[in-house]
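Chains W and G supply the protein sequences, listed in that same order.
For the first sequence, this note's numbering gives the first residue as 613, with consecutive numbering after it.
For the second sequence, this note's numbering gives the first residue as -1, with consecutive numbering after it.
Be aware that a few hints might be false.
What the hints assert, rightly or not - Pairs of lysine-lysine, PhoX-like flavour, derived with a Cα cap of 20 Å:
| hint | chain 1 | residue 1 | chain 2 | residue 2 |
| --- | --- | --- | --- | --- |
| 1 | W | Lys871 | W | Lys820 |
| 2 | W | Lys735 | W | Lys715 |
| 3 | G | Lys46 | W | Lys773 |
| 4 | W | Lys766 | G | Lys46 |
| 5 | G | Lys188 | G | Lys9 |
| 6 | W | Lys789 | W | Lys735 |
Said to hold, decoys possible - Chain G stretches covered by chain W per the calculated footprint, using a threshold of three residues with CB under 8 Å from any CB of chain W:
| hint | segment |
| --- | --- |
| 7 | 58 to 70 |
| 8 | 95 to 105 |
Hints listed in this document are in silico derivations from the structure and should not be mistaken for laboratory results.
Positions of the beta carbon are idealized from the N, C-alpha and C atoms, including for glycine.
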Amino acid sequence: MAVQDIDIADLRKITELVQNRYGYDFRNYAMSSFKRRMLRILELKNLSVENLLKKLNETPGFIDEFLDELTVNVTEMFRDPGFWRVMRDEIIPGILLNHKQFKIWHAGCSSGEEVFSMAILLKEMGILDDVTLIATDLDTNILDKAKSGSYPIKNMELNEKNYIRLEGKGSLKDYYKEENGRAVFDKSLMRNVSFRKHDLVTGEVFNKFDLILCRNVMIYFNQALQNEVLKKFHESLFKYGYLAIGSKESLIWCDIATKFIVVNNEEKVYKKIKD
Amino acid sequence: MNKYNLNNSYKAVVIGGSAGSFQGIVKILSQLPKGFPLPIIMCLHRLKHVRNGFVEALSLKSVIQVTEPYDKEPIRKGGVYLAPSNYHMSVELGNYFALSTEEMVNNSRPAIDITLGSAAFAYRDRLVGILLSGANRDGGLGMKYIKDKGGLTIVQDPGECMIDTMPRAAMALTKIDYVIAVDQIVEFLKELDKQYR
Chain W
613 MAVQDIDIAD LRKITELVQN RYGYDFRNYA MSSFKRRMLR ILELKNLSVE
663 NLLKKLNETP GFIDEFLDEL TVNVTEMFRD PGFWRVMRDE IIPGILLNHK
713 QFKIWHAGCS SGEEVFSMAI LLKEMGILDD VTLIATDLDT NILDKAKSGS
763 YPIKNMELNE KNYIRLEGKG SLKDYYKEEN GRAVFDKSLM RNVSFRKHDL
813 VTGEVFNKFD LILCRNVMIY FNQALQNEVL KKFHESLFKY GYLAIGSKES
863 LIWCDIATKF IVVNNEEKVY KKIKD
Chain G
-1 MNKYNLNNSY KAVVIGGSAG SFQGIVKILS QLPKGFPLPI IMCLHRLKHV
49 RNGFVEALSL KSVIQVTEPY DKEPIRKGGV YLAPSNYHMS VELGNYFALS
99 TEEMVNNSRP AIDITLGSAA FAYRDRLVGI LLSGANRDGG LGMKYIKDKG
149 GLTIVQDPGE CMIDTMPRAA MALTKIDYVI AVDQIVEFLK ELDKQYR
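Bound conformation, chain W alone:
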């Protein structure tokens, strides 16, 4: 955390420029984390606010770098193993009762750890080929990383621990090869996955799903924006489809809450019950 501070007027200048020039709308991001991300960018790139504005204005390619640092891309495989157990033992079997084939949307997929987690889970359930997965993020750099399915080997200790607590069928090592200090995951896990650029804030509803995972993404939005995005999720779900959010997120304060029921409160899985 840098000692320097940035005031709200400067933050506004940056969001306005990014919106007018590039069409991304950060006005309704949660203030405290947004401010920290900006301070972080200024520190990493060694820029003043003025220079950042100048660079955003004059160097079109810089926006990708900017988005990559602005969005939080800290994630892990099988984060909250209890959540993944609920997926495997309750939610997905519930979907399979009514559909032999179904569709999952990973909204805000970042570097793809949750997508790989899901693919491994589905493979172990023997249904990987029955499921279509669409994974989206607004950050194109991070989507490239997700597609490559290659992660620093040092991350694997935590991922492996989570996998063990999930009580998976084998070892996480069964799914990747070690190459030059990186864990490179088996490409065949991704055979039914398509990664796409999509901005939850400005993007349109583009498909219908049986299950949407958006864990620890909406925490970066303020409540007004959370409500907007939840409306889109509601519209993107089939009736009786499921929405999974982070363990410390809740629909309690959201407009759309009455159209969902809680299926699992501990792991925050909801079911759409009204159109």
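Given the structure of chain W, go ahead and fit chain G onto it with the hints provided.
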């Protein structure tokens, strides 16, 4: 007598702690006056992948139920809040919490600097910051932010701390109003409580 020269303008108390702080926290929470008028916002270093148990252990001894807030949960007067494991916890303008999974700060998530720093921004001079025993420097900068905004700063007396790195980090970075033992922190909170009666 008003030993600590207090008034009733404060809006919240934030507490940071790490190694060796558990007993101090328990003492504070168990001796808190009933109906304490301010929210108590705690950020304590904890095991990253043990989601349950900690808040329950604290609640056993506490006068008031301790909760781990949800993202965007409103901050209530008299609520006692603990930063959930593996999330940073911030206070937002408008008196509610925001959680995040950003990179670790000072090797920690939750990081005390983030909770204290955001609370300092939201509550300015109406904040009391308390930093207890701990083995790293997290929280030092947060205490500086509190002081810079005109808030009141307290650290646990290093002589009493199991590990004094954390309070000493704060003392090196900013002016600390009271360097006192946990028993005096309890006394301080009782006196603060009286200002609102």
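Hints and how they fare:
1. Between Lys871(W) and Lys820(W) the CA atoms are separated by roughly 16 Å; this keeps the pair inside 20 Å, and the hint holds.
2. Only pairs whose Cα atoms come within 20 Å are accepted, and Lys735(W) paired with Lys715(W) is accepted, the gap being roughly 15 Å.
3. For a cut-off of 20 Å, the pair hint linking Lys46(G) to Lys773(W) stands: about 12 Å separates their Cα positions.
4. A C-alpha spacing of about 17 Å is found between Lys766(W) and Lys46(G), which places the hinted pair at or below 20 Å, so the restraint holds.
5. Annotation: proposed proximity of Lys188(G) to Lys9(G) holds, straight-line Cα distance about 15 Å (limit 20 Å).
6. For the proposed pair Lys789(W) and Lys735(W), the alpha carbon gap of about 17 Å is at most 20 Å, so the pair holds.
7. Given as covered by chain W, the segment 58 to 70 of chain G passes the check, having 5 residues with a CB less than 8 Å from a CB of that chain where 3 are the minimum.
8. Residues of the segment 95 to 105 of chain G lying with their CB closer than 8 Å to a CB of chain W number 7, which satisfies the three-residue condition for coverage.
Violated hints are absent here; each numbered hint is respected by the structure.
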